[in-house]
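Novice: Residues per chain are reported as follows:
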Amino acid sequence: MKNAQGVPNNKAQTGEECAPNNVFHVKDCALIAIATGRRAQNLREVRDILQTIDEGSIYYHFWGSRLQPRFDDPEYLNDFAAWAHRALRDGKAAERLGVIDPTAHSNLEELRQELIEAIETRLDEEEHVTWVKSDMQFNFLTSQIVVFDTHRIITDPSDLVQAVPAMSASSIFYHLIDARRRTLDGIDDFRSWLSGYGSPFGDRYQDLSEQIADIDPFFSSLSELRGELAAILSNYFKGVGK
Amino acid sequence: MTNQKAPGIHSYTDVVGSDVISQLQQLAEQLQGKKVVHVNSTRVGGGVAEILAKLVPLMQDLGIETSWEVITGEDEFYQCTKGFHNGLQGNVVNLPRRLLENFESTNVQNAEKLRPQLEDADIVIIHDPQPAPLIELCPKRRGKWVWRCHIDVSRPYRPIWQYLRNFVSQYDASIFSLANFAQPLPHPQYLIPPSIDPLSDKNVDLPKKEIKKVYSQFGLDPDSPMVVQVSRFDRFKDPVGVIQAFKLATKYHPSLQLVLAGGTATDDPEGAMVLEEVKAAAGDDKNIKILSLPGDAHRTINALQRASDIVIQKSVKEGFGLTVTEGLWKGKPVIGGNTGGIRLQVINHHTGFLVDSPEGAAMRIRYLLRRQERLEEIGAKAKEFVRENFLLTRHLREYLTLMLALTHGKAERIQLG
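Protein chains in written order, with the numbering used here: chain D, 1 to 242; chain B, 1001 to 1417.
Bear in mind the hints are in silico, worked out from the structure with no lab data behind them.
Careful: at least some of the hints might be erroneous.
[To be verified] Some but not every residue of chain B turned toward chain D, in silico, with C-beta under 7 Å:
#	residue
1	1019
2	1027
3	1180
4	1193
5	1389
6	1401
[Said to hold, decoys possible] DMTMM-like cross-link-like pairs, simulated, lysine to aspartate or glutamate; straight-line CA separation at most 25 Å:
#	chain 1	residue 1	chain 2	residue 2
7	B	1410	D	216
8	B	1317	D	135
9	B	1383	D	75
10	B	1410	D	75
11	D	133	B	1069
12	B	1383	D	228
13	B	1383	D	120
14	B	1381	D	117
15	B	1410	D	109
16	B	1035	D	149
17	D	92	D	120
18	B	1035	B	1101
19	B	1054	B	1069
20	B	1381	D	216
[What the hints assert, rightly or not] So the derived list for chain B, only partly shown, Cβ under 8 Å to chain D, looks like this:
#	residue
21	1030
22	1050
23	1182
24	1188
25	1285
26	1287
27	1388
28	1394
29	1397
Idealized CB from N, CA, C, for every residue including glycine.
Sequences and hints are given; from them, build the entire structure.
Specialist: Quick look at the structure:
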């Protein structure tokens, strides 16, 4: 089975475990965008292209573009919604597309179907299809992502206090966001290590895990997320101690 | 031109943070032992040479064996490639067969010199159309060849593109600056937006004294608000529209000053004509300063941008708009034309405002000057936006990622040790 990132939904198969042997391996990643050459000038064209576009493009427009030069739009959580708002100026479409939660789907095919459904619902409501100028078309992109080991290992959760602020933004993306599509239980790598299956710490860090779970990864930039996580860790270990 | 030694990778730590530098080092580690060659057609002048002068030493500093070769030609070669440039940007250009033959034979001559090095390289990056035919002149090449297009080719003049596509389609991949520029080609088209160098004369932090100097140098009042547009005198940059916006805004801010700073236009007949139009539009308004600055006046431009309250780039057509990036990096809200790459950078109410008319620009000038706290808030956000997205280190990271992707196949996810 593949999860919504298009990788096998099984840590043992991905070779991307972050916590083998009960230590946390800090990984990092870098992404490069690729034009598919497919463009849409209205919602109907977006829907038609969505029927056949490679899964990698859906991954990119929901997740991968977080690692690309862009403004972290505080209002819309994926590129389809942001385009509907900024280019199409269709508030309803933007809201319906924006509310789609990619983590609610176990694979990208399900996510594709929800996107298509949301667009068709909107198309049914309107007599006319709104077009954008050719230089404001939706460009379907895909990407290649390179994942690498930083060779930094964390053996004790309290060491995260020092380690997290030193992580790159893309490392935060990998462990906090990408992990949700990579891990069996759909949680970030930090919680997975602290409290997930096979955790060496039992329920000792359950409170900390719950605080990390409260971080909403979609409404903040990666740097802000790093700051939020660092603050939680710092406060926790200041109060609780090792 | 100042002949500065390029800064090493660690010089950027204070600007971007040690995490970014560390990431670049880790990516570069995976490329140790690879030979990379960049080829373009000029060592100095122009944006491509400017970026290579920075990127190549940084790649070397990261331990990657990187060289930069420059092809040379006679006048007819450059006439031809200038025609390509204009044609790729959409102008109707009909090049005589003689110029095309010169273009091809010049590449043959250059290939004689460069062939051993290019055929031996692991990655060859060919910049823009000038050296594009080299690929078919290096039949024993063993590495990956990438064509890097720095030009806005969103709507090329078709006959020119059809001619160049014959060469470009032979490459393993191409790189465009924006998704809108990508063309149908039989290989992956990577997207890497441009960047600015925070340590260059144009963008480095300046002492207050140097910033203040521009007031006396150009007869500006330090106590009055100032709007600056830095651009060559070109109709696509709409300098006359900027003056119209300024005149509308001065009804509410009579002491407002406008600086239009551009390069000298002596070798550009159209530029000279536009400059005259701009002077006519400005009339005898003493609060409008039209400055023709020499090509190396980078620190002066830097100081003018820093001295301003608002940076404006009211283009009606724009590729990426690096002057927008520069303005944002100085912590200024940017009022930008709603076109091209400006849309990637100017986000309404966050980093500035996109406008579609002189009236829109005037309204946003008035808004920002009345709402000083918003002006400062947007300026601060603008600077951080550039720090995270449009600095040279991001550009370098994407080149390294591209090289790793090229050398590890076409998988969407590449897992390194």
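Novice: Now, for every hint given, state plainly whether the structure supports it.
Specialist: Status of the hints after comparison with the structure:
| no. | hint | result |
| --- | --- | --- |
| 1 | 1019 | 4 Å, holds |
| 2 | 1027 | 6 Å, holds |
| 3 | 1180 | 6 Å, holds |
| 4 | 1193 | 5 Å, holds |
| 5 | 1389 | 4 Å, holds |
| 6 | 1401 | 4 Å, holds |
| 7 | B:1410 <-> D:216 | 33 Å, violated |
| 8 | B:1317 <-> D:135 | 11 Å, holds |
| 9 | B:1383 <-> D:75 | 20 Å, holds |
| 10 | B:1410 <-> D:75 | 33 Å, violated |
| 11 | D:133 <-> B:1069 | 40 Å, violated |
| 12 | B:1383 <-> D:228 | 21 Å, holds |
| 13 | B:1383 <-> D:120 | 40 Å, violated |
| 14 | B:1381 <-> D:117 | 36 Å, violated |
| 15 | B:1410 <-> D:109 | 21 Å, holds |
| 16 | B:1035 <-> D:149 | 23 Å, holds |
| 17 | D:92 <-> D:120 | 12 Å, holds |
| 18 | B:1035 <-> B:1101 | 31 Å, violated |
| 19 | B:1054 <-> B:1069 | 14 Å, holds |
| 20 | B:1381 <-> D:216 | 21 Å, holds |
| 21 | 1030 | 7 Å, holds |
| 22 | 1050 | 19 Å, violated |
| 23 | 1182 | 4 Å, holds |
| 24 | 1188 | 5 Å, holds |
| 25 | 1285 | 34 Å, violated |
| 26 | 1287 | 33 Å, violated |
| 27 | 1388 | 7 Å, holds |
| 28 | 1394 | 6 Å, holds |
| 29 | 1397 | 6 Å, holds |
Comparing the model with each numbered hint stated earlier shows that hints 7, 10, 11, 13, 14, 18, 22, 25 and 26 do not hold.
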